[in-house]
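Which chain is which? The protein sequence lines are A and B, in order. When the letters of the first sequence are read in order and numbered with the working numbering, they come out as residues 1 to 112. When the letters of the second sequence are read in order and numbered with the working numbering, they come out as residues 1 to 115.
Hint data in this document are derived by calculation from the structure and do not stem from the laboratory. From the three backbone atoms N, C-alpha and C, an ideal C-beta is built for every residue, glycine too.
Rough simulated footprint, nothing fancy, chain A against chain B, three-plus residues with beta-carbon under 8 Å: (1) 33-43; (2) 106-113.
Here are a few chain B residues that sit away from chain A, every Cβ distance over 12 Å (derived from the structure): (3) Leu11; (4) Glu18; (5) Arg22; (6) Lys27; (7) Gly28; (8) Lys51; (9) Glu52; (10) Asn53; (11) Glu63; (12) Glu68; (13) Glu72; (14) Pro74; (15) Ile76; (16) Gln81; (17) Gly85; (18) Pro96.
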Amino acid sequence: AQSVTQLDSQVPVFEEAPVELRCNYSSSVSVYLFWYVQYPNQGLQLLLKYLSGSTLVKGINGFEAEFNKSQTSFHLRKPSVHISDTAEYFCAVAPLGGKLIFGQGTELSVKP
Amino acid sequence: NAGVMQNPRHLVRRRGQEARLRCSPMKGHSHVYWYRQLPEEGLKFMVYLQKENIIDESGMPKERFSAEFPKEGPSILRIQQVVRGDSAAYFCASSPLGEIRNTIYFGEGSWLTVV
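Extracted from the complex, chain A is given alone in its bound form (with noise of 0.2 Å):
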């Protein structure tokens, strides 16, 4: 079975501070990683995945995560966020031919 956890449920920023958002995993098998985000009100939209290859992976948005597997985890990181960026962000795992488990949000909160 897999897990995700998110370390931080809620992360207030500055506007033009970096942030990272946290995630770790546990999963005996081979995995897919994923970030969405998710505006108030909306569906998830998807920022980036991890498939194979190159462990640091660009998404939309400015946003990047690196893999570590090692330490089993996939954080998420901007250099330099903006208001615009306030929103939930999920981080989810999915095996091979399997389905999506996603960790609990971490609500990242951008202020002026």
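Given chain A's structure and the hints, the job is docking chain B onto it.
Relative to the frame of chain A, chain B by itself:
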């Protein structure tokens, strides 16, 4: 993603009534997933369907919940005799194939409120 259409967006039901949530996948997609998001929680997998087949229903509550994806028409998530604890956002997602490597597109969600 606007391509996956869910309706209704908001639904209010009294305890004991039935709720039907519909999902039209993106054009060309034959795989549908349903997830539930309870307040202050992440998304929990409920069921995975192909046309006319339930592939994985390991996340479905044993009673009152059912799902279908007929040959023609949208996928339906049906909740009978709703209770307050069913109040949640229900998200549908679709993909062209059952392979998770392909991007799964989510709908805007259906918010069920049980009063």
